[in-house]
Amino acid sequence: MTDLTALKYTAEHEWVALDGDVATVGITSYAADKLGDVVFVELPAVGSSVTAATVVGEIESTKSVGELYAPLTGEVVAVNDAVVDDPSLVNADPFGAGWLVKITVDPASVADLLDRDAYISLTGGAE
Amino acid sequence: MTELRTTALHDRHEALGASFTDFGGWLMPVRYSSDLAEHHAVRTAAGLFDISHMAEFAVEGAEAAAFLDYALAGAVSPMRVGKAKYSLVLAESGGIVDDVIVYRIADHRFLVIANAGNRDAVASAFRERVGDFEVELEDHTDGMSLIAVQGPAARAVVEATAGIADVAPAFADLGYYAWSSGSFEGAPLFVARTGYTGEDGFELLVPNPVAPTLWDALLAAGEPLGLVPAGLAARDTLRLEAGMPLYGHELSLDIVPAQAGLGRVVAVDKDDFVGKAGLAAVVVPDAPVLVGLVCDGRRAGRAGYAVFDATEAETPVGEITSGALSPTLGHPIAMAFVSPAASAPGTELFIDVRGTRIPATVTDLPFYRRNK
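In order, the protein sequences belong to chains A and B. 0 is the number of the first residue of the first sequence in numbering that gives the first Met the number 0; add one for each residue after it. 0 is the number of the first residue of the second sequence in numbering that gives the first Met the number 0; add one for each residue after it.
Bound conformation, chain B alone:
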């Protein structure tokens, strides 16, 4: 067994009494006390997440934008400096290697944040795609820590945090999917108004040596505002309510973007990009599509459970990829890939929950949308 990696904040998590889990090869906090309390704190106040397991790649050079136009599914070159964009790394087949966020740091410099478990796959995809592009790739994951502050009080928390200085644009002026630079205790600070919870929030990237101090400062500033440290269990139920896909569940090499409702992420008009030919060739008329399912009661469908269109049907019409009893909504929710014929909102389906077929209704995603 490979030794699990730990983040620069590991001793902080231990001191806070966290339980840990293996996530993408990293030993990460799954919860500190109660995952439900952590979930509710993010919806009503704020939560503090260590997401340093995520991978950061710097892409720099005269042809950095052109390279990313080729290596990613989206149109990167029209992005303005200061903005962020959700994108996909596709395989030649059109299947999904990873979902990422791209930040334009300068005309010729970008930051790409990828999933921990796909760090190697993204690194090797980028290396293979460099070809003749005038671009340098650097993996900064090992030296950087990423801390997320999420929830309606997130802005008040970061504004009140001692040691954060020179943030430009100021937190109040920073738009969603945009970033600021600043400093923390003399170290460079990168802040993006992004997240994975369906709430307002910020993701703060700093060099490892100052990460524990930043964590402590955020907790101290946030405590009076209701901020609590939150683990991956809460992060998962939050992103599920927000209808956000998780790689390995809703996204994989066997899924093309349109199936997962991500057709809009693919800039099909681009001259060329990896996956373009594959997507054009893939015409599977009955390919399953991602839908939301809601149920009454409290028994939740889980990843891998079969979905049927009748109580007595023998052949499933689909399969759940993520499911839980929604802490915010109080009823079970799930994301599932189902055949197109069963995918219209309002369609009545059944989830096989360990031998019992439970009625479920197809619904639009997301399940939860914050009041802005």
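Next up, chain A with everything else stripped away, as it sits in the complex:
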């Protein structure tokens, strides 16, 4: 179980868990609930460079299409193939098995993201 209090968040409803210079990224439970059942996930290629606040992937539910934004600038070092094979992991465990990508980042850049309290006030109480 991910310690939610240690996470950082974006206004695009992503969460970031930093371990050294590797940021693990997923979408929040709030975002997964809003999308409904996720049926297709497209993630960036391992080795590709991503820029903060740009679209790097897609998350489709039966009802709608959500865009995945890079929360930080860096290089993609891993993607979650399990979630590509079984997109329902995003709904079942958004903060755990439903993680999406790992990016090497400048650890200092994480300070620009929202903390948990700020994110929860953004969504009106959900996370």
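Keep in mind that the hints were calculated from the coordinates and are not lab data. Beta carbons: idealized from backbone N, C-alpha and C, even for Gly. Do not rely on the hints blindly, as some may be mistaken.
Unchecked claim - Cβ-to-Cβ under 8 Å is the rule here; a few derived chain A residues that face chain B:
1) Asp32
2) Gly35
3) Asp36
4) Val38
5) Phe39
6) Glu59
7) Thr61
8) Lys62
9) Val64
Add chain B to chain A, keeping to what the hints say.
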């Protein structure tokens, strides 16, 4: 912003943990837990839907049948008491104001169920069309609740539900597109064997005060049979698989029935009906027509996406009106209006999915047909 209306079952939906959405001015359950699980439950067992947002009009009087022959596209007067019929309210132009189901309650009494978002449009169309017809119109929407039980287990669910009594004809004897009357806890119950999912099913109309009790009784009886409450998200993917049009997507004032494959609904031989002259005058040889599209893979075309006849073509041949990854079939499906030249089943087309052209094949509707 206008305050959204809620149905008599709103507290039931909240207690079941529903997420809500604005639909036709009503705050309606979009899903309870998983829209895919709800969809599959309807295909394999049964789902319970609150569709109380839909509008109910009573049409009564010595000339009720003649009035509806004039006000609707279909032939209403030949209908037998006890039967239901899908029909259209047309504008003078021949465009579609709404799609409705008409039930013949008695020789001189009908029930018309219309879409929530078109309640005012249908009410005013009917009022304008009354003229000298000897007929009374009454809008019963605010006092009535409509609950749908849909799926292969639907009949077993309604038969097992405590408090439902005196249903005649009995559920087992009720044909598709026919209705029965009965009672629930002493209140009048109207049951039609109709639906919007492509499965067998029933739609139960009761006065608001008994609706929560009926909802609870259906859930209790249905739970051992696999019944789950289901929201509008599942209802939309179910009706899409079944090739059923949704007003505002496949139907609009700018679409005439033949374009949407509904030419058979229009009784062109009737002496006169609103839209007859408009339809006769509309001869647009290249008017787009509604088709089904199927794709491989998992990326679905969505409403508004352009359809092309070649990967490099610059001018679209059509546009998607509804699309999703089909939960039952496992591949993307869509309904689209395309030019007649591109409409033959088997035609290879391309959907522009956010900049990527994905191959799609024109197919007959519906995408899914239940085994009867």
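Return the numbers of the hints above that this structure violates; sort them in rising order.
none
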